[in-house]
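Mind docking chain B on chain A? Use the hints.
There are 2 protein chains.
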Amino acid sequence: MDNKQMLMIPGPTPVPEPVLLALARHPISHRSDEYSAIMGEVNHNLKWLHQTENDVLVLTASGTGAMEAGIINFLSPGDRVLVGCNGKFGERWADLCAAFGLEVEKITAQWGKSIDTEQFRAKLAADTDKTIKAVIITHSETSTGVLNDLETLNRHVKEHGKALIIVDAVTSLGSVHLPIDRWGLDVVVSGSQKGYMTPPGLGFVSVSPKAWEAYQTAKLPRFYLDLGVYKKAAANNINPFTPPVNVVVALQVALRMMQAEGLDSIFARHQRLMKATREALKALSLPLFAADEVASPAITAVAPISVESEQIRSVMQQRFNIALAGGQDHLKGKIFRIGHLGFVSDRDILCLIAALEATLQELGYESLVPGVGVAAALRVMSH
Amino acid sequence: MDNKQMLMIPGPTPVPEPVLLALARHPISHRSDEYSAIMGEVNHNLKWLHQTENDVLVLTASGTGAMEAGIINFLSPGDRVLVGCNGKFGERWADLCAAFGLEVEKITAQWGKSIDTEQFRAKLAADTDKTIKAVIITHSETSTGVLNDLETLNRHVKEHGKALIIVDAVTSLGSVHLPIDRWGLDVVVSGSQKGYMTPPGLGFVSVSPKAWEAYQTAKLPRFYLDLGVYKKAAANNINPFTPPVNVVVALQVALRMMQAEGLDSIFARHQRLMKATREALKALSLPLFAADEVASPAITAVAPISVESEQIRSVMQQRFNIALAGGQDHLKGKIFRIGHLGFVSDRDILCLIAALEATLQELGYESLVPGVGVAAALRVMSH
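Chain order of the listed sequences is A and B. If you use UniProt numbering, the first sequence corresponds to residues 1 to 383, in order. If you use UniProt numbering, the second sequence corresponds to residues 1 to 383, in order.
None of these hints come from the bench; they were simulated from the model. Hints may be right or wrong, so weigh each one.
No copy labels: a pair is met if it fits in one copy or bridges any two.
To be verified - In silico lysine-lysine, DSS-like type, Cα no more than 30 angstroms apart, as pairs: (1) K106 with K219; (2) K219 with K88; (3) K332 with K231; (4) K158 with K219; (5) K332 with K210; (6) K130 with K88.
The structure presented is a predicted model; accordingly, all values stated were derived computationally and were not measured.
Bound conformation, chain A alone:
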């Protein structure tokens, strides 16, 4: 039996049927009143989801394109930046900044641990000349399932006073409370295929007034990703360059569904899915790659010991049509990752855990007590 795929990877994430059907509507002109009305609603609802009055600009790009826009619009060659690196996407920030000639200081932590905000505090406090132009961080590190302590880090940046804070929220936005305006986050980037329950194709960048000030003097060359052009277009509910009209129409439907659920419910659901998943894995004696205190509500990474990660993924795929993600870079074969962000329900987690138990049984996993995983997940859900 084919075509009953279940996506449990960190992205693309599952897409609700009404969103898929909207996607299949015949494209309309991106220069029509009908489209502007859609874009107007999308712009409005993106601000709601981002908890901000800032511009939330919509780019035709992958998340990495949005990350690039978040750098080149606000910085100049030679600018000193602090970059938090505790996973693949932190490293991507560093590589991206280096490619554009910034002076990058990495503050690293082991993959699977959270970054140490105290190291940032010390560097920022020592910077009395205010040479640090930006602090750049991955909120939810997709490669390891770690949620970095953005709130504390941001407080240190605010004490510094000059540096911008630039955040990769690709797998956190829409899955965890991220009050952009209350915290005063300057640049926050994300992508449609994650918490937004929408297919890939759109990147988002929210920009604070302080970041727009930096934009005025930033000297890196830019054209396609020049956010000033997007800001001007957004004011008229259009896009500067042809957008993926179908994905925008799909996003309109997804945002309506999210509004109907409500922000608090969405975040509570992700907390519950995370806890249920983690408690089930603990009950199955499968070691979690990130500690409870720093766990991302979007992704759980597992580092099994007496059974092979890749074998688990393979049986889950072949026997149950459940797609899990593998480890990246040096973690290839060492961990597997469960995405539980976006359009994911309690039922999906129960299904996942039950299938995982069956998989462990098939692989001859010694310490298996069938049913304990599902029971542990159920305990979380019934609280």
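For chain B alone, coordinates are given in the frame of chain A:
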């Protein structure tokens, strides 16, 4: 009655039902074997459509993003480039090159006229020091419906020997014969929402071996649009960054439909649609903005005299649900544009012309002889 929109704009273009249905499939992982098989077929069929053995790289970007990739990967700040400017998209090339610090020499022609290849020849012949690094041209100028004489221009570039030829083929690829390998075109950019019969969301760049050589020493900064990364990924039938999976799956279906029709038939159909449209407009005494000799098979621009362009567009939209494009920049209100590229049939043109006759009648157009437009189109189609 709503929802019976007919798109006759230069893009997004109409999308066949099987392509829309493919679009609505649930997204799959872009790191799965299933996806790689799709991407492998798409890569193969893109080379067929582009008539090339060069890499045809697939970007998550608008056409303008593909244009930017076509510049920043092959040139360095201060490089001297000749840019043909006879419409909005030629001007966009010039603006883009200037944004990246190139030394831009514009070779302009009036909007609605073709560029003068002789001016390029003279500049190239005079460049005995070989300081011209690239000649940059818009093949089909979407803003005016002019098809520039790329074949002759390219011959002059080849006589120069050093300069790259970089082509915007956004509305020509898939609608007019463009033999990339036979002509030896170095960089050719296009977008999914035009001749490809696919929704917007993907940009394409084909890259010749000579262009890859230039890539080695090109010094403009790049990360998201670094084509070397895309080339490496394409060799493994993957994408470096999350692609719009749904649009790729849709493109797979569209390319299969194009293969079934065959290149010669596709190009002959576009020639026929162009001629039928133009003969009908002539019969209706509506002045064509571009001369027959330089007419694009993708777009026909009309500059009506005794009746308002915007009124025609408005009645066509409101009474017949047919979307036409207006003029851009200084041509706003002066011309309207008919897109007849991609998934457009003889029937669509007959329908368009009949509705246009009705519209002219409604607007009290003096010289109208009802039926002469349709009759003229039919004459072309029955040849």
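Hint check results:
| no. | hint | verdict |
| --- | --- | --- |
| 1 | K106 with K219 | both (22 angstroms within a copy, 24 angstroms between copies) |
| 2 | K219 with K88 | both (27 angstroms within a copy, 26 angstroms between copies) |
| 3 | K332 with K231 | between (40 angstroms within a copy, 23 angstroms between copies) |
| 4 | K158 with K219 | within (24 angstroms within a copy, 36 angstroms between copies) |
| 5 | K332 with K210 | neither (40 angstroms within a copy, 36 angstroms between copies) |
| 6 | K130 with K88 | within (29 angstroms within a copy, 43 angstroms between copies) |
Violated hints amount to a single one, hint 5; each of the other numbered hints is respected by the structure.
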